[in-house]
Amino acid sequence: MAFDAEDELTADRAAGSALRLRNWKQIVEKVDFAFQPIVNPHTGHIFGYEALLRRWEDSGFDSIQSLFDTAWETGNLHGVDMMLREKAIAKFARLPEARRLKLFYNFDSRVVRTPDYQPGRTAELLRKAGLERDTIFLEISERHDISNAQYLQDILTRYRSQGFKVAIDDYGSGFAQLRALYECEPDIIKIDRFFIDGIDRDRRKELFVSQITAFAHMIAAQVVAEGVETREEFLCCRRIGCDLVQGFFIARPSVDLPERTDIVPAISGVAIENRRGVERDGDVLRSYLLETPPIENNINPVEILSYFQKNTDIAIAPVINRQGEPLGVIRDSDFKAFIYTPFGRELLQNPANRTNISRFLRRCPIADINTSLSELLETFVAANSLDGVILTEKGVYLGVLDQSALLRAVNERNTLNARDENPLTRLPGNSAIYRYAANALAKPRRRRFAVYFDFDNFKPFNDLYGFRQGDRAILLFKDILGKALSQNDWFVGHIGGDDFFAYVQSIDFEDAVSAVQRAQSMFDEQIKSFYDAQTRDQGYLIGKGRNGESSEFPLMTVSAALVRIPPERTDITLDHISIEAAKLKTIAKNSVTRFAAGHYDAPDNIAPMIQEPG
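For what it's worth, UniProt numbering labels the leading residue of the sequence shown as 1, then goes sequentially.
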């Protein structure tokens with residue numbers, strides 16, 4: 001039957017009674033849930049799905065919020081919410097590999113204030129569906145007032161005691177205070193779409209999300225960036241340390257169940273393309289990772305004592321669930337302190353305590369093995385974690401980095417980087433450029449470009465103003481490249497002296513040319529301030545050329561040679577490209593625009609197509 005919520009509500013209020021649940025059952029039968037994946041930005045692997053209500057308009061509501069507000073105002077919120085949970089859980093259980101995944105369910109926090117609230121019903125629904133309790137993340141929206149820390153803590157305590165996970169949704173959109181989050185320690189913080197929209201172009205948004213991510217890691221929570229809609233937003237969120245991402249760029253919500261739930265192939269491809277230095281960090285991390293044997297959370301507490309007695313060199317025991325996901329740690333010192341209290345051993349051996357180790361469980365920062373060492377170090381310092389950091393791979397426990405192991409890993413990474421970076425600019429040097437290019441060129445890509453930059457009239461400037469000023473000019477261009485090429489995740493290296501290298505893929509030729517010429521024009525304008533007023537006014541300086549003769553030299557500029565690399569070729573090396581670039585640089589230096597582009601096309605020689613945009 002058709003159901004007009006407002007008319008029915010008016011009639012019921014006049015009669016002094018609430019809507020009958022049988023009417024709500026008909027409403028719930030009409031609605032459906034769409035699932036949207038939440039993925040690991042380093043690998044593209046699917047962590048879980050958010051259940052999003054759909055087809056509510058078929059029941060006479062103009063929004064999802066009006067449906068829940070009506071249920072609340074008529075005293076039926078808990079009953080309606082439980083019917084919706086049952087429907088969402090049953091549909092989620094039909095997903096391939098559902099037991100490995102997490103279900104994010106939007107939870108109206110007003111439910112716990114309803115007269116008919118009954119704890120334990122969600123656990124029964126999960127049991128019937130063959131799912132563990134920690135499968136579900138109950139999302140509490142910040143759009144309701146959760147600034148009362150005690151109220152929020154009561155909700156978290158209530159659901160955690162039942163074995164559920166809790167996420168704060170829409171963070172930054174409403175009333176929540178940092179104090180509430182600090183005291184309540186949710187498992188996940190989902191950052192509102194407003195702060196993700198255009199984050200790659202808005203320094204203030206980037207700073208906000210960076211700070212919230214650091215804070216979340218400090219309290220051992222994970223961060224989900226909501227509403228990621230572009231490749232640039234995705235890469236920015238990954239770079240600043242967001243643990244998970246969700247949005248249209250990943251996948252749109254769908255009421256149809258997906259055929260595979262292990263990975264989003266397109267996102268996996270983007271993640272692999274842009275992994276770069278993190279791969280080296282991962283190798284270093286694995287070499288220092290402590291493969292501390294974990295404890296399952298259903299262990300008999302008495303056996304924990306045996307664990308520490310057998311592993312006398314272990315100060316903390318990682319705790320995992322049945323799926324191998326880390327939950328926290330148990331400290332040897334905490335556990336033994338409890339045992340040595342009066343009646344400690346007796347309490348431990350009490351059958352009522354044998355399946356409950358939560359009293360010993362401590363939260364600990366958790367990160368993916370693909371997280372950069374810099375981010376791990378920031379997390380470690382911010383959290384002031386004496387226990388270290390738990391590392392996972394595809395969400396499963398991998399090992400522990402304690403203080404000593406983390407510091408040794410950072411030191412080795414810095415040593416390796418120092419060998420491969422230019423000492424002046426700290427950009428990747430020759431060996432790092434060759435290593436990156438070998439990996440990038442071995443994979444066919446539809447669009448890819450290599451660019452060589454070279455200063456014009458650098459020697460006369462260096463001779464007149466000195467090497468210190470020459471170094472400042474080089475550093476200026478390094479900073480300009482960082483700004484001009486920031487939009488499409490370019491790789492930038494410093495070959496040496498005044499020569500730079502850049503590489504980009506998956507963007508259009510016009511966009512690549514635009515970015516390169518923007519860097520050139522920025523340098524042309526800003527380098528003028530490095531000259532004295534007289535030289536700047538006359539537009540040239542008097543100096544000696546490479547032949548030793550005095551001459552007039554124009555103010556410095558930058559020439560650029562762009563090489564278009566054919567998409568199907570995987571046998572091209574950086575040496576091949578540098579030969580083409582050398583020819584193009586000669587053309588560029590003699591042109592008005594100081595720019596030339598060519599296409600490496602033939603097996604053993606350069607194709608004759610050489611462009612010089614006007």
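Calculated from the structure, these hints are not laboratory results. Just to be clear, a hint being listed does not mean it is correct.
[Stated by the list, open to error] Here are the simulated DSS-like pairs of lysine-lysine, each with C-alpha atoms no more than 25 Å apart in a straight line: (1) Lys483 <-> Lys528; (2) Lys528 <-> Lys583; (3) Lys128 <-> Lys25; (4) Lys544 <-> Lys528; (5) Lys483 <-> Lys205; (6) Lys128 <-> Lys91; (7) Lys544 <-> Lys483; (8) Lys394 <-> Lys91.
[Said to hold, decoys possible] Across the chosen pairs, the derived CB separations fall in these ranges: (9) Ala442 <-> Ser254: 54 to 62 Å; (10) Ala442 <-> Ser591: 54 to 62 Å; (11) Glu29 <-> Ser404: 30 to 38 Å.
Computed from a predicted model, the values in this text were never measured in an experiment. The beta-carbon is built from N, C-alpha and C at its ideal position, and this holds for glycine as well.
* **Broken hints, by number** => 2, 7, 9, 10 and 11
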